[in-house]
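*Asks:* Use the sequences and the hints to build the structure in full.
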Amino acid sequence: MFEIIPMTESHIDGVLAVEEATFSIPWTRRDFEREMRENTMAIYYVAVSEGSVVGYAGMWHVITEGHITNVAVLEAYRKQGIGDALMAQLEKAALEREMIGITLEVRMHNAAAQQLYLKHGYRAEGIRKNYYPDTHEDAVIMWKYLPFFEGYEK
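Here the sequence shown stands for residues 2 to 155, where the numbers follow the numbering used here.
To be clear, the hints were calculated from the coordinates, so they are not data collected in a lab.
Take the hints with a grain of salt, since some may be wrong.
Quick list of the computed label-pair ranges, beta carbon to beta carbon [to be verified]: (1) 128 <-> 9: 14 to 24 Å; (2) 98 <-> 126: 19 to 29 Å; (3) 98 <-> 9: 32 to 42 Å.
No farther apart than 20 Å at their CA atoms in a straight line, the calculated lysine to any residue pairs in the SDA-like style are these [to be verified]: (4) 120 <-> 86; (5) 93 <-> 119; (6) 93 <-> 121; (7) 80 <-> 101; (8) 93 <-> 34; (9) 93 <-> 71; (10) 120 <-> 81; (11) 80 <-> 110; (12) 93 <-> 26; (13) 93 <-> 82; (14) 130 <-> 26; (15) 93 <-> 144; (16) 120 <-> 68; (17) 93 <-> 9; (18) 80 <-> 130; (19) 130 <-> 144; (20) 120 <-> 71; (21) 130 <-> 149; (22) 80 <-> 114; (23) 120 <-> 78; (24) 120 <-> 101; (25) 80 <-> 9; (26) 120 <-> 89; (27) 93 <-> 68; (28) 93 <-> 117; (29) 80 <-> 119.
For every residue, glycine included, the Cβ atom is placed at its ideal position computed from N, Cα and C.
*Replies:* This is the structure we're talking about:
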């Protein structure tokens, strides 16, 4: 059992544990403090199970669009609907703010993440060559257009 709630500074330790267990180039404590304290565009949610952060997702609201920064779930909690719930919460936040779409970059070889995004209606729209500095892997640029987009197609 888990719940999705807005992230606060009190969640940073838990988010850091998820971040460090998930990404080869994890964000730092300072990065998350900056997101919580200074970034007026930041929208973050955590998945909490039995009092512990087991996943999180973040997005920046840039003018009329959302840019997903990170989505991560601890390996022991994957395939339980947490990633789905986090993605749904980001989309709900985007709709509430009347964003026209949401974009993200995902590693070319991260099939599991791409499947999650495809399931939520994202589609590949381009490639960023050598996007990831640790491996020089390309990123797939994915977009989901929302009903506020003039050319919206379901």
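*Asks:* Hint by hint, note whether the structure agrees.
*Replies:* Hints, verified against the model:
no.	hint	in the structure
1	128 <-> 9: 14 to 24 Å	violated, 36 Å
2	98 <-> 126: 19 to 29 Å	holds, 21 Å
3	98 <-> 9: 32 to 42 Å	violated, 19 Å
4	120 <-> 86	holds, 12 Å
5	93 <-> 119	holds, 17 Å
6	93 <-> 121	holds, 12 Å
7	80 <-> 101	violated, 29 Å
8	93 <-> 34	violated, 24 Å
9	93 <-> 71	holds, 16 Å
10	120 <-> 81	holds, 15 Å
11	80 <-> 110	holds, 19 Å
12	93 <-> 26	violated, 28 Å
13	93 <-> 82	holds, 16 Å
14	130 <-> 26	holds, 18 Å
15	93 <-> 144	holds, 16 Å
16	120 <-> 68	holds, 18 Å
17	93 <-> 9	holds, 18 Å
18	80 <-> 130	violated, 30 Å
19	130 <-> 144	holds, 17 Å
20	120 <-> 71	holds, 17 Å
21	130 <-> 149	violated, 30 Å
22	80 <-> 114	holds, 12 Å
23	120 <-> 78	holds, 19 Å
24	120 <-> 101	holds, 19 Å
25	80 <-> 9	violated, 25 Å
26	120 <-> 89	holds, 11 Å
27	93 <-> 68	holds, 14 Å
28	93 <-> 117	holds, 16 Å
29	80 <-> 119	holds, 16 Å
Going through the hint list in order, the structure does not satisfy hints 1, 3, 7, 8, 12, 18, 21 and 25.
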